[in-house]
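Chemist: From just these sequences and the hints, can you work out the full model?
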Amino acid sequence: MSMNYSDYTRLLGADPRNRDPEFLRARDSSPQFREAALDADRFESQLERALAVEPPAGLVEALARIPLLEESPSKKGGAWWPAALAASLLLAVGAAGLSWKMQPAWDTVPDYVVDHYRHDGARLLAHANGDAAVEVSDMLAAFGVEAEPELAGIVSVVKSCPTPDGKGVHMVLNTERGLITVIYMPETAVTDGERVTFDDREALLVALPKGSAVIIGSGPQGIAHFQPLVQGAIHPVGDKT
3 MSMNYSDYTR LLGADPRNRD PEFLRARDSS PQFREAALDA DRFESQLERA
53 LAVEPPAGLV EALARIPLLE ESPSKKGGAW WPAALAASLL LAVGAAGLSW
103 KMQPAWDTVP DYVVDHYRHD GARLLAHANG DAAVEVSDML AAFGVEAEPE
153 LAGIVSVVKS CPTPDGKGVH MVLNTERGLI TVIYMPETAV TDGERVTFDD
203 REALLVALPK GSAVIIGSGP QGIAHFQPLV QGAIHPVGDK T
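Residue 47 in our numbering sits at position 45 of the sequence shown, with consecutive numbering throughout.
Hints listed in this document are in silico derivations from the structure and should not be mistaken for laboratory results.
Careful: at least some of the hints might be erroneous.
Distance windows between CB atoms, simulated [what the hints assert, rightly or not]:
id : residue 1 : residue 2 : range
1  : Asp22     : Arg179    : 36 to 46 Å
2  : Asn6      : Glu150    : 19 to 29 Å
3  : Asn20     : Gly224    : 42 to 52 Å
Just so you know, even glycine gets a beta-carbon here, dropped at the ideal spot from N, CA and C.
Modeler: See below:
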């Protein structure tokens, strides 16, 4: 029996470099599975680069010369302190390097929308020929939200994606007006109703009870038509008010 997308992404999150034959078969079974694996590989590579932080020369030696704030009961008992502090600061240096290297490149949410859509918006539209209701439900649940059936039932393709403030969910909706892109941003605040135009696309920022979303389509599709759908359908789990 083939592995479903939910089980696959759980394994991928736990072990992105998994070489199990069943996992590898699942990875190569569809563009959606392969794209998730590529996303995980990119993240792991970025993480490894960020953690490869060289400690400042002489850090441990310098810390060893810092006087103790309190006298240790014995020289042997207090000898660990400079080394432990050095280790803690090395971890802090690594964390700072990770944070700096993983900062988003977007000054504003509209900058993010344009950059992200140009990166993979058209590619996901090209793969929008399936039914991803189960997958989008699982992915949204990870952020403590759910989608009503009127939205989840028309999701044709879905994947995790970066947002200005962490991870989010990139969806393509198969609507009566054609394919519409919706990107859910769980930690990002927006100006509700702000519009962004670029290339031949139009985007509308939508504030939600938890986070926000952006609706992207072509001008003639009238993306404002979908604002009530998105605002009414994505809400914290169990909260339908």
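Chemist: Each hint: holds or not?
Modeler: Now for the hints, and whether the structure bears them out:
| no. | hint | result |
| --- | --- | --- |
| 1 | Asp22 x Arg179: 36 to 46 Å | holds, 42 Å |
| 2 | Asn6 x Glu150: 19 to 29 Å | holds, 22 Å |
| 3 | Asn20 x Gly224: 42 to 52 Å | holds, 44 Å |
Every hint from the earlier list agrees with this structure, and none is contradicted.
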